[in-house]
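Generate coordinates for the entire structure from the input sequences, incorporating the hints supplied.
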Amino acid sequence: MEEKMKFSTFVIGLIITLAILTFYTAFPFSAFFYASQVLSTTGAVIVVPLVTIAVVYRLIVITTQRVLHLSMEEIGIPQPKVDRKWLIIGLLLPLTILVIYLLMPGQLSVANNNQARLISLLGCIFVEGFLPGILEEMIFRGLLMHLVAKRFGMTVAVVVPSVLFAALHLVNGALDAASMLMLFIGGTAVGIMFSLITLVKNSIWNSAVVHGLWDFFIIGIFNFTAKPDLFNLYSYHVASQNILISGGAFGIEPSLICTIAYLLVAYVAYLEIRKNKI
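Each number in the numbering used here comes from the position in the sequence shown (counting from 1) with 168 added on.
Rather than coming from a laboratory, the hints here were simulated on the basis of the structure.
Accuracy of the hints is not assured; some may be wrong.
Claimed, not checked - Taking lysine-lysine pairs in the DSS-like style, the calculated list, with each CA pair at most 27 Å apart, reads:
hint : residue 1 : residue 2
1    : K369      : K443
2    : K445      : K249
3    : K369      : K445
4    : K443      : K174
5    : K369      : K172
6    : K445      : K253
7    : K443      : K249
8    : K172      : K445
9    : K172      : K253
10   : K174      : K249
11   : K443      : K253
The model shown is predicted, which means the values in this text are computed figures rather than measured ones.
Structure (structure tokens):
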């Protein structure tokens, strides 16, 4: 049986992990403002995510090796390698959801000019897809999940970071109680999905691809909320007032349709984990 991590080491690791998470959530916004003054908006959209990834990765390496005395492989961040199966699933998941929702009644709007479209496309790739896909998986399914696992076991480690992952998204704007409940359930479900994908090969890279492609299509290319952001190429406002379909004020991601999709993919990952143990 693997020896439990010392409680003091766990607490120090947890504090540092939360500090890294805080840095990740705050730095890109302030850095983007200053970088856009020097590099232009187009340059900032590319440079800021790459710098953020480099800095956060280095912080995770230092924390893992010097504080926790673990290897990067032990926290699920080996050399990058993606299985073709998860690349295909990563494409099918958002594209299936897109087809379902675009077949529903709603209103479509498009970015108005070529400059806006270029910034939107780069934003979809680097800001909406590349940045959260890699860093949120490194932090939640890499460092945090394995830190909790070393102290409390993997079952707790799958659930707790997933709940925290959902809770973090609750601060994204003013939400009514029903929208918050939907977001908490859907956010926890997608967190568990990403966790199980990571555990298939004990590597965050498969989940990072699934996460990045989801954000690229569902948050970047298409925005399904009432308030599209700078980087959306298209916005689609679903006409349905049923919160189980619309997902509430946050958008379609916590909807019942998407949550069922998360759980189906999670089940595929769970079956593969069981198969690998046989």
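These are the hints, each one checked on the structure:
The straight-line distance between the Cα atoms of K369 and K443 is roughly 12 Å, inside the 27 Å bound, and the hint therefore holds. Restraint check for K445 and K249: the C-alpha separation of about 21 Å stays at or below 27 Å, so the hint holds. Proximity of K369 to K445 is assessed by CA-CA distance (about 11 Å); at most 27 Å being required, the pair is judged to hold. Between K443 and K174, the direct Cα distance comes to roughly 32 Å. Violation of the 27 Å bound is thereby established for this hinted pair.
Pair hint K369 plus K172 holds up; C-alpha atoms about 22 Å apart against a cutoff of 27 Å. About 19 Å separates the Cα atoms of K445 and K253, which keeps this hinted pair within 27 Å; it holds. Proposed proximity of K443 and K249 is supported: the alpha carbons are some 20 Å apart, at most 27 Å. Of the supplied pair hints, the one linking K172 and K445 holds, its CA atoms being roughly 22 Å apart against a limit of 27 Å.
Between K172 and K253 the alpha-carbon distance is near 34 Å, which puts this suggested pair outside the 27 Å criterion. Pair hint K174 plus K249 does not hold up; C-alpha atoms about 31 Å apart against a cutoff of 27 Å. The hinted pair formed by K443 and K253 meets the criterion: a straight-line CA distance of about 15 Å does not exceed 27 Å.
Against the hints set out earlier in the document, violations occur for numbers 4, 9, 10.
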